[in-house]
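> We have chain A; now place chain B with the ligands onto it with these hints.
There are 2 protein chains.
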Amino acid sequence: MVIHNTYSSLADTLSYRRQRLANLIDFPVILWSGSSSPRNFPANLLPFRPSSHFLYFAGLPLQNAAIRLESGKLELFMEDPKPSSALWHGEMPKRDEIAQQIGADAAKPMSELEFFLEDAATIAVQDAGTWTQQSQLLNRWVLPQNPLQGIDLELAKAIISLRLTHDEGALIELRKAAAVTVAAHKAGMAATSKATLEAEVRAAMEGVIIASNMTTSYNSIVTVHGEVLHNEQYHHPLQPNDLVLADVGAETEMGWAADITRTWPVAGKFSPTQKDIYNVVLAAHDACIAKIRPEVEYGDIHLLAATVIAEGLIDLGILQGNAEDLVEIDAHALFFPHGIGHLLGLDVHDMEDLGDLAGYEAGRQRSDRFGLGYLRLNRPLRSGMLVTIEPGFYQVPAILNDANLRVKYQNVVNWQRLSQFADVRGIRIEDDVLVTASGSEVLTAALPNDADTVENLVS
Amino acid sequence: MVIHNTYSSLADTLSYRRQRLANLIDFPVILWSGSSSPRNFPANLLPFRPSSHFLYFAGLPLQNAAIRLESGKLELFMEDPKPSSALWHGEMPKRDEIAQQIGADAAKPMSELEFFLEDAATIAVQDAGTWTQQSQLLNRWVLPQNPLQGIDLELAKAIISLRLTHDEGALIELRKAAAVTVAAHKAGMAATSKATLEAEVRAAMEGVIIASNMTTSYNSIVTVHGEVLHNEQYHHPLQPNDLVLADVGAETEMGWAADITRTWPVAGKFSPTQKDIYNVVLAAHDACIAKIRPEVEYGDIHLLAATVIAEGLIDLGILQGNAEDLVEIDAHALFFPHGIGHLLGLDVHDMEDLGDLAGYEAGRQRSDRFGLGYLRLNRPLRSGMLVTIEPGFYQVPAILNDANLRVKYQNVVNWQRLSQFADVRGIRIEDDVLVTASGSEVLTAALPNDADTVENLVS
Ligand SMILES: [Mn+2]
Ligand SMILES: [Mn+2]
Numbered sequence: 001m002v003i004h005n006t007y008s009s010l011a012d013t014l015s016y017r018r019q020r021l022a023n024l025i026d027f028p029v030i031l032w033s034g035s036s037s038p039r040n041f042p043a044n045l046l047p048f049r050p051s052s053h054f055l056y057f058a059g060l061p062l063q064n065a066a067i068r069l070e071s072g073k074l075e076l077f078m079e080d081p082k083p084s085s086a087l088w089h090g091e092m093p094k095r096d097e098i099a100q101q102i103g104a105d106a107a108k109p110m111s112e113l114e115f116f117l118e119d120a121a122t123i124a125v126q127d128a129g130t131w132t133q134q135s136q137l138l139n140r141w142v143l144p145q146n147p148l149q150g151i152d153l154e155l156a157k158a159i160i161s162l163r164l165t166h167d168e169g170a171l172i173e174l175r176k177a178a179a180v181t182v183a184a185h186k187a188g189m190a191a192t193s194k195a196t197l198e199a200e201v202r203a204a205m206e207g208v209i210i211a212s213n214m215t216t217s218y219n220s221i222v223t224v225h226g227e228v229l230h231n232e233q234y235h236h237p238l239q240p241n242d243l244v245l246a247d248v249g250a251e252t253e254m255g256w257a258a259d260i261t262r263t264w265p266v267a268g269k270f271s272p273t274q275k276d277i278y279n280v281v282l283a284a285h286d287a288c289i290a291k292i293r294p295e296v297e298y299g300d301i302h303l304l305a306a307t308v309i310a311e312g313l314i315d316l317g318i319l320q321g322n323a324e325d326l327v328e329i330d331a332h333a334l335f336f337p338h339g340i341g342h343l344l345g346l347d348v349h350d351m352e353d354l355g356d357l358a359g360y361e362a363g364r365q366r367s368d369r370f371g372l373g374y375l376r377l378n379r380p381l382r383s384g385m386l387v388t389i390e391p392g393f394y395q396v397p398a399i400l401n402d403a404n405l406r407v408k409y410q411n412v413v414n415w416q417r418l419s420q421f422a423d424v425r426g427i428r429i430e431d432d433v434l435v436t437a438s439g440s441e442v443l444t445a446a447l448p449n450d451a452d453t454v455e456n457l458v459s
Numbered sequence: 001m002v003i004h005n006t007y008s009s010l011a012d013t014l015s016y017r018r019q020r021l022a023n024l025i026d027f028p029v030i031l032w033s034g035s036s037s038p039r040n041f042p043a044n045l046l047p048f049r050p051s052s053h054f055l056y057f058a059g060l061p062l063q064n065a066a067i068r069l070e071s072g073k074l075e076l077f078m079e080d081p082k083p084s085s086a087l088w089h090g091e092m093p094k095r096d097e098i099a100q101q102i103g104a105d106a107a108k109p110m111s112e113l114e115f116f117l118e119d120a121a122t123i124a125v126q127d128a129g130t131w132t133q134q135s136q137l138l139n140r141w142v143l144p145q146n147p148l149q150g151i152d153l154e155l156a157k158a159i160i161s162l163r164l165t166h167d168e169g170a171l172i173e174l175r176k177a178a179a180v181t182v183a184a185h186k187a188g189m190a191a192t193s194k195a196t197l198e199a200e201v202r203a204a205m206e207g208v209i210i211a212s213n214m215t216t217s218y219n220s221i222v223t224v225h226g227e228v229l230h231n232e233q234y235h236h237p238l239q240p241n242d243l244v245l246a247d248v249g250a251e252t253e254m255g256w257a258a259d260i261t262r263t264w265p266v267a268g269k270f271s272p273t274q275k276d277i278y279n280v281v282l283a284a285h286d287a288c289i290a291k292i293r294p295e296v297e298y299g300d301i302h303l304l305a306a307t308v309i310a311e312g313l314i315d316l317g318i319l320q321g322n323a324e325d326l327v328e329i330d331a332h333a334l335f336f337p338h339g340i341g342h343l344l345g346l347d348v349h350d351m352e353d354l355g356d357l358a359g360y361e362a363g364r365q366r367s368d369r370f371g372l373g374y375l376r377l378n379r380p381l382r383s384g385m386l387v388t389i390e391p392g393f394y395q396v397p398a399i400l401n402d403a404n405l406r407v408k409y410q411n412v413v414n415w416q417r418l419s420q421f422a423d424v425r426g427i428r429i430e431d432d433v434l435v436t437a438s439g440s441e442v443l444t445a446a447l448p449n450d451a452d453t454v455e456n457l458v459s
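These protein sequence lines map, in sequence, to chains A and B.
Residue 342 in full-length UniProt numbering sits at position 342 of the first sequence; the count goes up by one each step and never skips.
Residue 239 in full-length UniProt numbering sits at position 239 of the second sequence; the count goes up by one each step and never skips.
For reference, chain A alone in the conformation it holds in the complex (with noise of 0.2 Å):
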């Protein structure tokens, strides 16, 4: 791990959270880090990523730390660098250093902590070695599918209520986030006409996100298959006529992310079919984007999405009837059978560690309807939230063979229209939307969406 400064006043941004949370709460706070997991032996380590709520208040990317929070104070707990580390590890900056550039007011040795931990409200990390260890020195449960209780859920209210608008040392990583993200989609569409496979696609765009000494913040989906919604597989050749759908997004060495998709012609050149299908999307997504501004339901974003797709799949004679009516039987979700979007901030889906704690107002549950029960986010927007739009179309054979469906939607769907668009099995586009006091800034705006000038960077 190496110090980077990368906002002048790291220390400050972590006090200006602290004090935040200080303001709502009046208990101690301990929150781990997290410790690295065994790939195939013991010293083949995964990649670390450290738990996003330390993250928030501790700022750097440290393993095996805690850091201890009261009344506005930051205590840092970790064991220095062992002597005989250096001759493997290089020179690692010490607890004194680290806790200086943090604004830590006080440094201890991690075996310390177990003399710290009174009363103290916390949230469990992903690893299980180091939940096992939160379990041990709180001595209560501390697991991450626990529900949480008593002050560890007062805890992870206050933080959502800090996490779900972004300060400015946040919005300094999540930009440069977005901006190596879009680097990384316009090398993958560069190198789609030199490209025989999915993988080589996926290789030109995180070639970028690793040359910028970043990491991709979920597993990249690059395909030819967008109709499988989650893809991870890179195997198929590229054929003339396919699409490929990709979502990729990079992470910050501080663990802020990004979350683009792009959908653009192997060839270069759209179909008519594709184009037409494509154009719906880029309407729904636009239709989103512009209606985007505090004080507007997030749910309500989502259902113009849906209506906008159904408009535009009447317009081609794929739907029929009245796009308010098909939204409200939810017969978009058929082919946009996804949420809108998502929170986006030091999570790709920010803070669904706590569940749908963050993502739904007080008093909110997901809605068990077909075209509603994947939205991940129903608040009411405000002025420094990040979300992503992200409409899409896709013929999933699980749902459009699906009897049941087909019987229920068999008066509005046009079946013998639909199968002259069979070349488009998945098109999604999805956009990072700052929401502002005036309305919205678009993150990711320097990557082109519209069709013609996508057709362009491919070719």
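In short, the hints are calculated from the structure, not lab data.
Treat the hints with care, since some could be wrong.
Not the full set, but computed from the structure, chain A residues with beta-carbon under 8 Å of chain B [as the list claims (entries may be wrong)]:
1. 86
2. 231
3. 240
4. 241
The beta-carbon is built from N, C-alpha and C at its ideal position, and this holds for glycine as well.
Structure of chain B with the ligands alone, referenced to chain A:
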């Protein structure tokens, strides 16, 4: 997961391995594949890597599966994909299809495994979720770090005796990994002149691996600070007088690894001092490979490398005395502090999850000598073994500035002369060498390692 028929007779290879196992043990065996670990929230997973022991007998990178081996029979235990998963993950191969491809004699749901546990031996996987499950089902602690006992120890010894030498199915995969790794290193050399950061060279190398739909078999080392032996930082700028040390290896989809190190000059031209040391390391590398054949002790190969390096450093005026005497007192380890290499197979340090059980012949233990303690392999070579040969020269501050070592070796190091080699921080040359009946075959020979050709590949 998609089924690739990477070699025509996966089932035959697996059957052969089972028969060999059945010749060694007479109790049933259950091997678990393991499961993915979450990154920062449960739906965002770290890359999945199955247990190597499972891969050896099951062939395919299945998740949340187990196999039972008894008397040469193979039973597969896994759940069929849920119908609802087709929406997100597409149609996945069913248990019975997978069972057929791997030649299983039976296929059952995971939930039935509990009825087939009696008297079964196992080996712990690395992920906590799965070793907890192993422990619960077998009603004993099955922990990755526990010393093996009883039938588990017998099983480990039997598996080691199989995996120590590679069958044809394994060699096909190992050659593929080597070929892609060779291409990755060539790409790294070619990218250096336009690169400004280590990260950009790493991106060019890993890009080749990703484009081949493979993964890295370990976290890449791509650094101008080769003196930090396990350097996983990539942010340093490339200066014209720097050497890039790149230790990068690919792993096939079925889990078989390669492991190559090259060291090249950023400017495409070694300085005279860099070339002098480079040629010392290369001489050691070549001498070791020339000596490899069945029955030769790998420990003697290590001592040969130490001796050749000592001789070279004497010739350069850095060390003083007689090479054999210097090796006797571990003076070589001031500059070559690690072992000459290790086993290579499904793991980059093959079977290191079993500690030194695979690397060390029965009855042998690690030396505590400065110049021998890091040796990972200490056995007589046998035809079919794959080992790395990776001599190096490093100026590690933690060693060369160590007061005790400076006193101990005050009469054998010419510090004045050494100071003229300040532009050589670290050099390593590593190839993957298959022991054959008549000697050896370098699987990574397609990648040049002589100084002139390396210079040409860079510039
Ligand atoms: Mn997204
Ligand atoms: Mn090696």
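> A separate judgement is required for each hint: does it hold in the structure or not?
Status of each hint after checking the structure:
1. 86: This hint holds: residue 86 of chain A lies near chain B, its Cβ roughly 4 Å from the closest one there, short of 8 Å.
2. 231: 6 Å, holds
3. 240: Since chain B brings no Cβ nearer than about 20 Å to residue 240 of chain A, farther than 8 Å, the hint is violated.
4. 241: Where the cut-off is 8 Å and the nearest Cβ of chain B is about 19 Å from residue 241 of chain A, the hint is violated.
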